[in-house]
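Visitor: Got two chains here, each in a separate frame; can you build the complex from them with the hints?
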Amino acid sequence: MPKPHRNVVRDYAQDLRLFGSPMSKFGLALMIAAFLVLPTVVQDDFWLSVLIYAGITAVGAIGLNLLTGYCGQISLGHAFFIGAGAYVTAKVGGDFGMPFPLWLLAAAGIGAVLGGLIGPFTLRLRGHYLAIVTLGLVFLGEHLWRNLDDLTGGNSGTSVNADVAIGPVDFADLTIFGESYSRNQGWFWLVWALVGLVALLVKNLARTRPGRALQAVRDRDQAAEVIGVRAGRYKIGAFMVSSAIASMAGALFGSYQQFVSPDEWNLLLSIQYIAVIIVGGLGTIFGSVLGALFVGALPALIDRYSDVIPGVQTSVGDSGFISVFALNQAIFGLLIVLFLVLEPRGLAGIWLRIKTYFKAWPFSY
Amino acid sequence: MTTFLQNCFAGLALGSTYALVALGFVVIYKSTGVINFAQGGLLALGAYLGYTFANNLAIAFGVAIPLACASAALVGAGFERIVLRRMVGQPPFAVIMITIGLLFVLEPLITAIWGFDNLQVTNPWNIQTVEAGGIVFGVRDLWTIGLTAAVVVAFFLFFRFTSLGLAMRATAFDPEAALAQGISARRVYAVSWAIASALAALAGITMAAGPGGLSPSIGFIALAAFPAMILGGLDSPAGAVLGGIVIGLAEALTRGYQDQLFSWAGDNVSIIVPYLLMIVILLIRPYGLLGTKDVRRI
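Residue numbers (the numbering used here), protein chains in the order written: chain E, 722 to 1086; chain L, 39 to 336.
In silico DMTMM-like links for lysine to aspartate or glutamate, alpha-carbon gap of 25 angstroms or less:
1) L:K331 x E:D940
2) L:K331 x E:E946
3) L:K68 x E:D940
4) L:K68 x L:D212
5) E:K1080 x E:D732
6) L:K68 x L:E214
7) E:K924 x E:D940
8) E:K1080 x E:E1064
9) E:K924 x E:E946
The set of hints was computed from the structure by calculation and includes no laboratory data.
Pulled out of the complex, with its shape left as it was, chain L reads as follows (with noise of 0.2 angstroms):
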């Protein structure tokens, strides 16, 4: 029992950063109508932000990280900016595919400025542990539920309370009656992508505090949100948050029980898990959990 909720504990904290992954594809989604690839990208470049925040220029952990976020979320608007708007209309091949060449261009250039050594970044969590009925908890892996909790509450209140976000909602659910409306659809675009690009590097930063450190492969995390936010429906930011935290819990379970159960399944199956489950519910509910209906058969 102890060992179960121990897992499920792990798979809560991976799956806190799976949402915010997710949480940011379903943004740039609704609104623009993109599937953004390079979010594994703009995770990195947040997480080495934060690094080079809080390690070289000696900023407090506590300020770096929102520094981080503006940051990656100015280099997420400026790609939204520079060259996402120019494919406005275009298939969605055509778009799919300048996501992931943007991924394959920030990838080398993150490696060309910070090498490929494994990084510890500075915090203030370090590997401190608490214990409580017999479970061992991260200082971090708390944080890292805790700050995601915030964030998605605070993203609920900005989507339902602000006039932005109001016009944010407008801009996905009709752009041009939105636009008739005197809404900037330009503003919304680079919003979003502001926005997405944050919560990656939120992300980012809570993994690259973590025991493992600070590596380049650190972006491979989002490929694997995708999974999440196909499971939750591609346009449902509950289901993002939905999503995460059942493919989190997926995985760690499978890690955790990997010896007894999966052992005929091969090395390292939990990597895996989370794209099995996607298939399947692919092939069950194609619009995800909590998505809109709207994938046609024919």
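Pulled out of the complex, with its shape left as it was, chain E reads as follows (with noise of 0.2 angstroms):
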């Protein structure tokens, strides 16, 4: 039989290869060249830092869409779900000094648990029931840290004291054939490998069983327990691996920060997420990631040019009309309104349709 035409696609198998056509196998290698040396290009300690917070809320953002786009399942709770791994971070990180692998899955254990125990309710509630709880969720946990002294440091908050060393290999004081790296090039490779891993993870999840069971529960639940999913199994499982996600994020993120304190775990961090996972692209992986790096980089770069964008203000009394804060919120808002309205598979969308262009091409009408 004649050698077919890379973009024929003749199996189920070749359906659902990860990285199968060359284009994607060149991506890959591109994506991978530019994880390797973007840190040595690129060692500006504020680009960096923006960078690793966009990897960070790319972890979470991965874990949300599980959750939000692959099940359908409405989570305005997942700042709990961050806070919670941070200080959990704080805890057996710091306190009792567990090393870095350790304490990520401990982070991911108690999220885990923690979204088993929400978990149950997503069984009862749909649609607006379930956002108003997950809601309340936020705010339930909001009292919790800055009621919990002994775990959180209250309102004035804690640090985190974790060392991210794996084995010998110490990404904190990164030294690779002798020559030295700084924190933040040592916490880019760690954040986006991360990334990776967790991607894949979720990817593989997604496409294999269950994750297509989680896709017709999303899709039509009551039908999908008709044909033998077991609707209920599915939601809850999907609630606790987006909240151990969710913990690993928060874990990340206290971690790198070095300190947390619980003004961070509001609902304006719930829909950021939420904001990344629809900008990005609802059930895709590659939007999820996308999203992270369009608006999770945003807070920073306002922060940092703030004082170049008219009409913002950078410190009380000043004669702009509208704060940091509130510039991010309105921008979050607007982003979640005009792609809902706009664009409702985002930018992993636009990608899509960028790439069906060319690969037509010269038929494309």
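Guide: What follows is the structure, given as structure tokens:
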């Protein structure tokens, strides 16, 4: 049989390949090259920190996308799980001095347990109800974080002194072949390696049996139940995995920032994550990462260039009419509305359209 | 006993505000199937508009209230016209996120226009009090309760006796059949949003006229009105009023007895009482006290 044209997909196995076409293999190689080389090219601490925060956001967003994009469950409570992860890290990684892999797993474990506790609500409630309950979760969480002084340090916050060393390799103080790298460079490699790992994990989860079950539950849960999908089990499972990943993101966030306070785990954080997955594209892993780069980097950029943007108030009593915080909030809100109305499939949808255009070229119409 | 009654009165006043906001949620939910998370933003907008009319433009307070309500109603109807109408038939997730997005745009806009400072609204009630039977009644609280009662009565009369109210009930019951009968669903949707926004604005102004004054965090109360709506039932106006009062009482009583009974639960536990109550009610009666049983179980 003659060799088919590269675009022809002839069986399901080919359809399910992670990186099938030569183009996507090329893309993967490009991404890996960028991952390896970028911190040595961009050595500026600010830009590296922006990329690190975007990477941490990408981890959490992939988790939320699994829940919302693939399973169709709304959660406004992502901030609660992120906060929980950060505090677990402060305790396990800082006070108990556990090594990096252990505190990351501990955070994921606690996140899964908390998600499992909230999960049963998702069985009885859907759509609007679930949104309101998870909204309540943010406020309950905020109350807990402010009052569990031993764990969280109360209103004044707590420092997180977890180290990030795997065996002899300390990412906060990296030395390869006698060349030493800064903390931000090490963290960049660590965080984006984890992004890749989580992305691969969730991608594989999504294209195998449980993933198709999740999508069946999302599209019509009663029908899914009829054809033999245990919808309840998958809903709770999705909640647990999603909150475990969220807690991991929180653990990384806390450990990178080295200090956390209860003010950070508010509704705005939840909404930021939702903005990430909506802007990136619901139900796509690639979209979560795109969204995280786009939306997750915004607050840091606005903060940095606030004196250049007209009308922004950089300090109290400044002549600007809108504060940095308010501007962030407005941008998240605006992005959510604009993308949902004009481009519901997000950046990933735009990317897909561009790809299809070139695939069909010159026969595009 | 006096303390208890005093706390109950405070709860009733707070509950009236919740009831107004929850009523707004129910109006929109019943006719369009949307839960409007932006209600808090509309509440704050109404309050600030009221402030502008009463303080900056020196319009009599009695006139400023309806003016602010009408302006908020216009903004609400505008939201429906410009954004929400495009979302008909979309999954709940998208619609909820749209309203949250609107809230997150509205709040910074308000702070950009009016700033973060605490503003004092001139109002005819000030902080006058009336004393009866050892209990001190704030005149403003009495007005809030009275206004709420009047609005609730007007609300039910409107739905019972006017043709527009009938059209709205018909649309809520079965939009397609209502359309087939010549009812303009567009008008009904716009009116629902207008009514809900006006209710929110009224709640906002009565709150802003209190001793606390007016600050951007005023919209927060709308989030606490969600539990009131859930408690009463998503689609029941009477339930919204009942739920509002129950939640208000629970919150005020917790605050009143915080030192004696709830000191173990941490500071400001009264803020999360509505949510705790909501979770309990969702576990026992997911459709609320008076709501229609339509939460499916699988």
